[in-house]
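J.: Please work from the sequences and hints to get the whole structure.
There are 2 protein chains.
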Amino acid sequence: MVRNYNIALIGLGNIGSYLYNYLKKNKKLLIERNNISLTIKYVAVKNLKKKRKIKIDKKLIVKNYLDIVKKTDVDVIIELIGGADGAAKNLVFAALKNKKHVVTANKALIAKYGDQLAKIAETNKVNLEYEAAVCGGVPIIRTLKEGLLANSIKKIYGIYNGTTNFILSKMDYEKFNYKTSLKIAQSLGYAESKPDADINGSDVAAKLNILSALSFNSLVEKNNIYVEGIKNIDSDDIQYANTLGYKIKLLGIAEQINNQLYQRVHPCLVDSKSYIANISGVLNAVIIESNPVGTSIIQGEGAGPKATTSALVSDIASIARGNIKQPFMIPTNKRKKINYKSINELRFSYYLRFDVKDKFGVLSKITNILSKNKISIKRLIQNPNNLNKNASIVLVTHTSLEANMQKALKTLTNLKYVNSNPKMIRIETV
Amino acid sequence: MVRNYNIALIGLGNIGSYLYNYLKKNKKLLIERNNISLTIKYVAVKNLKKKRKIKIDKKLIVKNYLDIVKKTDVDVIIELIGGADGAAKNLVFAALKNKKHVVTANKALIAKYGDQLAKIAETNKVNLEYEAAVCGGVPIIRTLKEGLLANSIKKIYGIYNGTTNFILSKMDYEKFNYKTSLKIAQSLGYAESKPDADINGSDVAAKLNILSALSFNSLVEKNNIYVEGIKNIDSDDIQYANTLGYKIKLLGIAEQINNQLYQRVHPCLVDSKSYIANISGVLNAVIIESNPVGTSIIQGEGAGPKATTSALVSDIASIARGNIKQPFMIPTNKRKKINYKSINELRFSYYLRFDVKDKFGVLSKITNILSKNKISIKRLIQNPNNLNKNASIVLVTHTSLEANMQKALKTLTNLKYVNSNPKMIRIETV
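Chains as they are written, first to last, in my numbering: chain A, 62 to 491; chain B, 62 to 491.
Treat the hints with caution; some may be incorrect.
Identical copies carry no separate label here, and so any pair may be met within one copy or between two of them.
Each computed DSS-like pair below joins lysine-lysine, with the alpha-carbon atoms no more than 30 Å apart [claimed, not checked]:
no. : residue 1 : residue 2
1   : K420      : K110
2   : K236      : K334
3   : K215      : K88
4   : K367      : K386
5   : K402      : K471
6   : K418      : K433
7   : K124      : K435
Hint data in this document are derived by calculation from the structure and do not stem from the laboratory.
T.: Right, here's the structure in full:
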């Protein structure tokens, strides 16, 4: 016998509209595969008069989204409002308190209030599911909670942001500069008009925060992630990276070393022959190193209504089957206090670029400062520009302590004949 | 409150031993993550006196494995005997009939009796789980059943056999010949002493059969897969492929074209820059093209006790949670009768290699026969060997109908001055 499951859809933008249509069209497919019928019972929209591409049955529409959490004929609430605070926060807290299951695509909300929300969900024995919040159509949350449940994770890293990866790919393969690449991304709908959260790495950090909580049982609200975006990467860096055999990628990385957790989001030079170097455009990829299974990779579409709908439906179906309750796999009160370590204690090989006046002794000054900070040089490219008596000096260092590099950079920034701030990009062994 | 779940382990080879130890050592981790305690209640082994690396609590040992299916204190039976028939078959049929959940790593059994077994499991409302049967530690079964549940699959393909992929990688990157590569694989435990099932493609076919059933709702027992192994690939082919910009991979491919299902296992030339070309050694990878999510990739360790244990534990945990019952997602009686189409109706670009006597007119005879069968040539490499007056002719054809190629090959095989059977490898667009 097929059971019925009632859904309320809050938010009807691109994703909400696509999901609405999908659920209408695929009722039979989902009954077949999940043995449960999914019915859209209510839809709440902000602006009733807004013209939409899709037709919504008017009987379903509710004006005040907060009314929905008290309806007795709603089993699961899909939050597609967005934003860590405001309406989305009010809705999800209220829904869980009223013992409604919640499915959300809202990474900012989960990264900020995930622990508090999880506690309510656990107390009230309802689900809080957020597959769509991390890497869209890539079923990474379910893979961590179920497929790889037997494993102890040592490291999880990858490309979680399609916007920045698209921009870096455009700069690399089509030689556009940063500004043009961003504009192309915006014109194609891959970047928002205010793209700051993508560009400055905070979108990646929110996703890493969630992945880390699942991988290392940490709390999302007391997290500690080093974050650097891609704004300082320019076309020259991309070309020098190519010359040196690398690609530049914005990675989110969490790893446990001697029971300490290191978490960081920053551009990385990665071997151009590596798997991750070849993830181009808006794709997302997650690499998991764990015991006993070894290295696992999962890759797919990271954003957009189609990928997000795939994730949302997977979550709804899982709830309808009565699968997994604890939002972060283990109960919130049992999640560990983690010793976060600063990136300063890690060691990297570094890419450095200096734009300098082509004067005698500049290179020697640079190498001298590096040497004083225990940083030695592995490779060097010096490119004079005869037109304006400037030169580019590109260095690859031997493995050095981040704290030392930071000290060196402070001195190097104020150096005579160095035109602008030196560029530093970490080389990541992948 | 933590519930307890009793397990019986049948078969104590490499995998069974590793799983036994894993479950003993990770009891706490699994309680934390799954909220259920897993207890090994019985162990059945073939040879009681055999010396083992691990210590088994003697109280657990049962002589006759068939006694276990009637024990009232067993919740789930783990079948690690192997083989499609005999003991494994008897055990799994008996277990499901006695309303025990079953977890198996036995692809041959599922590929042969999966439909009958699924029917019994469905009737008796118990689980039959087989994540470990396909691509070891790669959680592809759970991903198809849960993570990508919302999607309609158009094509699923990949590298499902680590043994052959290891051999092809050795031949390519270390220039060993086929025989030596196989011996290295055997010495490292990557190939069995009787490696036929791996080499001739039937292992891949069994896995493709299972993946296809999940992807296209087909029945495993009435399946129709074209199968070709790697025995005919030699070092020269690998080198010519490199020259032409390809790698040779043994792929399993199922795809739906105009509502017809095409299923095939054969060596393929794939663009050396493609993702799949760069899966080396014993790794497995599965690529899924589906709607709405697009292309998804999942990669990992395909075999061995560690990877298999990861998959087995994921299955046991899922059963303990009461997750998903139907072994092939939709009920067996609702699975469709599929129209299987022959590979003869597909079109490929082909790699052809002829070892010929270096006589006037040989090339013209070959091209003439191809032309008569509507096969035209795109690229040609002719390499004379002056020592023995032989020559190699390597051709890449334009896209042609498989049926025509098969006809052409029959004529080409008996051609004067052609030393041995011509080699044909299909070029796969990936």
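J.: All the hints need checking, so say for each whether the structure fits it.
T.: Going through the hints against the structure:
{"no.": "1", "hint": "K420 - K110", "in the structure": "neither (66 Å within a copy, 81 Å between copies)"}
{"no.": "2", "hint": "K236 - K334", "in the structure": "both (20 Å within a copy, 20 Å between copies)"}
{"no.": "3", "hint": "K215 - K88", "in the structure": "between (40 Å within a copy, 19 Å between copies)"}
{"no.": "4", "hint": "K367 - K386", "in the structure": "both (26 Å within a copy, 27 Å between copies)"}
{"no.": "5", "hint": "K402 - K471", "in the structure": "within (22 Å within a copy, 68 Å between copies)"}
{"no.": "6", "hint": "K418 - K433", "in the structure": "within (22 Å within a copy, 70 Å between copies)"}
{"no.": "7", "hint": "K124 - K435", "in the structure": "neither (64 Å within a copy, 66 Å between copies)"}
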